[in-house]
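These protein sequences, in sequence, are chains A and B.
Take the first sequence: its position 122, counting from 1, is numbered 122 in our numbering, and each next residue is one higher.
Numbers given in our numbering equal positions in the second sequence, counted from 1, plus 1000.
Please note that a few of the clues may not be correct.
Label-pair distances were calculated between CB atoms; the ranges are [as the list claims (entries may be wrong)]:
hint: 1; chain 1: B; residue 1: Thr-1172; chain 2: A; residue 2: Pro-168; range: 54 to 60 Å
hint: 2; chain 1: A; residue 1: Gly-113; chain 2: B; residue 2: Asp-1056; range: 51 to 57 Å
hint: 3; chain 1: B; residue 1: Leu-1026; chain 2: A; residue 2: Gly-159; range: 30 to 36 Å
hint: 4; chain 1: A; residue 1: Val-67; chain 2: B; residue 2: Ser-1132; range: 55 to 61 Å
hint: 5; chain 1: A; residue 1: Ala-58; chain 2: B; residue 2: Asp-1076; range: 56 to 62 Å
hint: 6; chain 1: A; residue 1: Ser-194; chain 2: B; residue 2: Asn-1057; range: 55 to 61 Å
hint: 7; chain 1: B; residue 1: Met-1001; chain 2: A; residue 2: Ser-194; range: 21 to 27 Å
Simulated coverage check for chain B against chain A, where a stretch passes if three residues somewhere in it have a Cβ under 8 Å from a Cβ of chain A [stated by the list, open to error]:
hint: 8; region: 1113-1126
hint: 9; region: 1145-1156
hint: 10; region: 1163-1173
Listing some non-contacts, in silico: residues in chain B with all C-beta distances to chain A over 10 Å [as the list claims (entries may be wrong)]:
hint: 11; residue: Thr-1031
hint: 12; residue: Tyr-1098
hint: 13; residue: Pro-1105
None of these hints come from the bench; they were simulated from the model.
Just so it is clear, CB atoms sit at the ideal spot from N, CA and C, and this is done for glycine as well.
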Amino acid sequence: MARIVKEFTKGLWEEVPPFRFVLGLCSVLAVTTSMSSAIGLGGGVIFVTVMSNVLISAFRKVIPDKVRIAVFIVIIATAVIIVELTMQAYFYGLYEVLGIWIPLIVVNCLVLGRAEAFARKEPVIISLADGLGMGIGFTISLAVVASIREIIGAGTWFGSQVMPANYPGFTFILKPPGAFVCLGVMLGLMNVISARMDAKKKAAA
Amino acid sequence: MTIRDIITMVVVLTIASSVCGGGLALVKMATAEQVEYQKIKNIKEPALKKILSGYDNDPVSDRKTIITGKDSKGKDIKTTFFYAKKGGKLIAVALEAYGSGYGGPIGVVMSIKQPEEVLGAVAATTNSETPSVGGVAMEEPGFRGQFEGQPADANFGLSSAGGIVNAVSGATMSSVGVSTAVKNGMEIYKKYKSDILG
């Protein structure tokens, strides 16, 4: 049980994907212009990481090593298309906004990375916890970056005005270079906080 | 690598692909109807709102597709009809038809009032007219208003040729495109009336 909790929570801070591994950055930069698209893509990624981790872990003993990547990709692509069709059927507005970024979850290195580094060696329940944790960690990261960019860039959050009505907006942060700056600052902050925490732990020990 | 290994690889890959493919086919079938509804809702509804009024149902779900002829390659041409109802009573039928304008085909949605069978309103949808010339002309209320209340067998030609349509000056081609589309739409309606209303 403790193991499950550990594998789940590591995705939320210690190994939070975009910031610690710097994985899956393309989509982080692309969809974080607004909260709703960030949460939409995050939801899709959670489903895909969970489904691919569970399936790959369940069949880890029958998948021959030499063709494992091909099998992983087939499974991941299937999960992604399920997300795409569901989104098209029930969240059409979101589907239009996210566009190409949904099919591109297939090549998000986070998903294949978890399959290759974790799910193919670990039992199903633990892989499920890992997939869920990583997916949620990814979504939270998207949400944080998107909040900063949407609030500073457009003065809105989830589409509703949060800044004073005469806030002129700061378009730079909504453009790709602004995303890089935002991401860099986030990475720096996370490293500072981690370093502080480690120092405290050492001092206590 | 033994033959056995190779066969295992082939078998596993084949099974994985076919199971995934089959699963996706099921998901696709399960969502197909909803996806089509969403597409029409998001693409056609704004145009439908322009030409239909006073209804209390959802014309996007109250729709019917009928085969209305074949194109040059022998494929079926399908036309979708939208029904506007009030209190369960049919008040108008809407359809989209095409005519050729200056820059290419012009799509026009039109509503046909029921049971009077006269045109309600028309609005251009897809077109590649010059936005500042034909595009403006097609939106002009005076031009669009000419179609209102016309019966199905009106002569939708230009007034210079004895018809009822006054072309917008400077945008004759676009005007002709719109009126041809309306004429085509009315013809489809007359021809398939029993299917549409049945």
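Taking the hints in turn, this is what the structure says about them:
{"no.": "1", "hint": "B/Thr-1172 x A/Pro-168: 54 to 60 Å", "result": "46 Å, violated"}
{"no.": "2", "hint": "A/Gly-113 x B/Asp-1056: 51 to 57 Å", "result": "53 Å, holds"}
{"no.": "3", "hint": "B/Leu-1026 x A/Gly-159: 30 to 36 Å", "result": "35 Å, holds"}
{"no.": "4", "hint": "A/Val-67 x B/Ser-1132: 55 to 61 Å", "result": "58 Å, holds"}
{"no.": "5", "hint": "A/Ala-58 x B/Asp-1076: 56 to 62 Å", "result": "45 Å, violated"}
{"no.": "6", "hint": "A/Ser-194 x B/Asn-1057: 55 to 61 Å", "result": "59 Å, holds"}
{"no.": "7", "hint": "B/Met-1001 x A/Ser-194: 21 to 27 Å", "result": "45 Å, violated"}
{"no.": "8", "hint": "1113-1126", "result": "violated (count 0)"}
{"no.": "9", "hint": "1145-1156", "result": "violated (count 0)"}
{"no.": "10", "hint": "1163-1173", "result": "violated (count 0)"}
{"no.": "11", "hint": "Thr-1031", "result": "4 Å, violated"}
{"no.": "12", "hint": "Tyr-1098", "result": "25 Å, holds"}
{"no.": "13", "hint": "Pro-1105", "result": "24 Å, holds"}
Of the numbered hints listed earlier, those contradicted by the structure are 1, 5, 7, 8, 9, 10 and 11.
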